[in-house]
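Participant: Guided by the hints, dock chain B onto chain A, whose structure is given.
2 protein chains.
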Amino acid sequence: MIKVVILGAGNVAFHLINVFSKNKDVKLLQVYNRNIQKIQYLKNDVEITNNLFHLNKTADIYIISIPDDSISEFSKQLKLPNKLVVHTSGSVAINALKSTSNKGVFYPLQSFSKNKKISFKTIPICVEAENKNDITLLEKLATVISTKCYQINSEQRKQIHLAAVFVNNFVNHLYYLGNSICEENNIPFDILHPLIKETAEKVEHLSPFKAQTGPAKRNDIKTMEKQLAMLPKNKKEIYTLLSNSILNTYGKKL
Amino acid sequence: MIKVVILGAGNVAFHLINVFSKNKDVKLLQVYNRNIQKIQYLKNDVEITNNLFHLNKTADIYIISIPDDSISEFSKQLKLPNKLVVHTSGSVAINALKSTSNKGVFYPLQSFSKNKKISFKTIPICVEAENKNDITLLEKLATVISTKCYQINSEQRKQIHLAAVFVNNFVNHLYYLGNSICEENNIPFDILHPLIKETAEKVEHLSPFKAQTGPAKRNDIKTMEKQLAMLPKNKKEIYTLLSNSILNTYGKKL
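Sequence order for the protein chains is A and B. Residue numbers for the first sequence follow our numbering, beginning at 433 and rising by one. Residue numbers for the second sequence follow our numbering, beginning at 433 and rising by one.
Bound conformation, chain A alone (with noise of 0.2 Å):
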């Protein structure tokens, strides 16, 4: 039994305590918010507190999942000495905690709302600390919830997390400038949701660089022009940007 200690309320806190309270294998102490009102949901459940003074001392692993910008300061508000103090952002080294406790790091390598059920079972979590025991009980924390668990150091995270702006934030922005042409003309954006899907699932067995179809990989010019024509400013800059850099990859320019 895994005794875990949880501060935050955001996306990621919501869901690790939403996982962690139904597993049996963890024992979920205390969640700690500086605004109460965010967990006080969870009252019924589990031990809440918006007072660092009341901070359970009994658990294995506190886990901070504050924005990434706040996560040094409110470190150095912790006194849990020979505790393991973790965060769980993907962009955050392991040194920008300044707790005078054992560091590492737990970060579930998914993108979290919280109107978005997740199961945990196939999100990767990349675990990182400075020593091998706590290595040990990151990794028995992560295979609870999860059955692909990463040692990854911080530079690689920050590479991975980088990699994610692409695959998922801006691949979802993509998303929504197709869902507003399917808008403004009448079109469901449904159509689009077998694309979309055979899109992702198809590089899980071919490269991207193989899997790559369209005008740009195509060097059709004519429909590349046509295209361009009928888009509003906004849409014609990413369009050329991203038709170039594909031009580019395969050794042809526009």
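To be clear, the hints were calculated from the coordinates, so they are not data collected in a lab. Please read all numbers here as calculations on a predicted model, not as lab measurements. A virtual CB, placed ideally from N, CA and C, is assigned to each residue, including glycine. Check each hint, because a few of them may be wrong.
[What the hints assert, rightly or not] No farther apart than 20 Å at their CA atoms in a straight line, the calculated lysine to aspartate or glutamate pairs in the DMTMM-like style are these:
| hint | chain 1 | residue 1 | chain 2 | residue 2 |
| --- | --- | --- | --- | --- |
| 1 | A | 668 | B | 587 |
| 2 | B | 668 | A | 669 |
| 3 | B | 590 | A | 616 |
| 4 | A | 658 | B | 587 |
| 5 | B | 629 | A | 633 |
| 6 | A | 649 | B | 500 |
| 7 | B | 590 | A | 652 |
| 8 | B | 629 | A | 636 |
| 9 | B | 668 | A | 587 |
| 10 | B | 668 | B | 652 |
| 11 | A | 515 | A | 566 |
| 12 | B | 456 | B | 492 |
| 13 | A | 684 | B | 669 |
| 14 | B | 590 | A | 636 |
| 15 | A | 590 | B | 657 |
| 16 | A | 642 | B | 616 |
| 17 | B | 553 | B | 571 |
| 18 | B | 456 | B | 479 |
| 19 | A | 654 | B | 492 |
| 20 | A | 649 | B | 501 |
| 21 | B | 658 | A | 500 |
| 22 | B | 553 | B | 636 |
| 23 | B | 665 | A | 669 |
| 24 | B | 590 | A | 622 |
| 25 | A | 590 | B | 616 |
| 26 | A | 590 | B | 652 |
| 27 | B | 553 | A | 622 |
[Said to hold, decoys possible] Just a sample of chain B residues kept apart from chain A, beta carbon distances all over 12 Å, derived:
| hint | residue |
| --- | --- |
| 28 | 433 |
| 29 | 435 |
| 30 | 475 |
| 31 | 480 |
| 32 | 481 |
| 33 | 485 |
| 34 | 488 |
| 35 | 508 |
| 36 | 509 |
| 37 | 533 |
| 38 | 550 |
| 39 | 604 |
| 40 | 635 |
Facilitator: Relative to the frame of chain A, chain B by itself:
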């Protein structure tokens, strides 16, 4: 039983040949291709030809599935009065067909690669024709292979094809850029698959506007600056443009 002739041997033709030749409600009478070598693999299952004079005249539907640029010129050569001749292109209007036949479009909205198996069941088929009987015939053909058939006019189809460039071609290129970041840092691209899949699945239930996450959505300037500093020129340009577009979408500015 719908009798069909397919003209062409590209990715779409390949998959249509495959699904029609296995379907008991469709009789694939013949496959035509200018270069006979590309369809030699079919010769034991279906009649093949590279001579338009030998075209079987008894089919109900002639499906032209060749590069967009060639459809118009190619269709002029067809002498099939009172027959239905369709193309399979997303970006070509129905009127590009110049045969003396009845005109139509049979556009399966999916990205096809020869080396990736595909199930037609969930692929939206967009059909268009000049008269009601032909619409009915195309809908009949669509529903023997798919559960999703949409009546879509040429203007809408052009817009769908454009939206598809954003959600498929450009999205795949972002996967490629994410993959290259992984490769440069000895990180297995596999680690991003669950995120890629979740990002795609999320927009089946949530609008892309609501599903957006990431530094640009949060207006997290510090993270964006740090990430920009990590990127080479090409990726930096794409990062900047897409982040700005996200910021604008949510009423913020970089």
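Participant: Run the structure past the numbered hints and jot down the numbers of the failing ones, going up.
Facilitator: 14, 19, 38, 39 and 40
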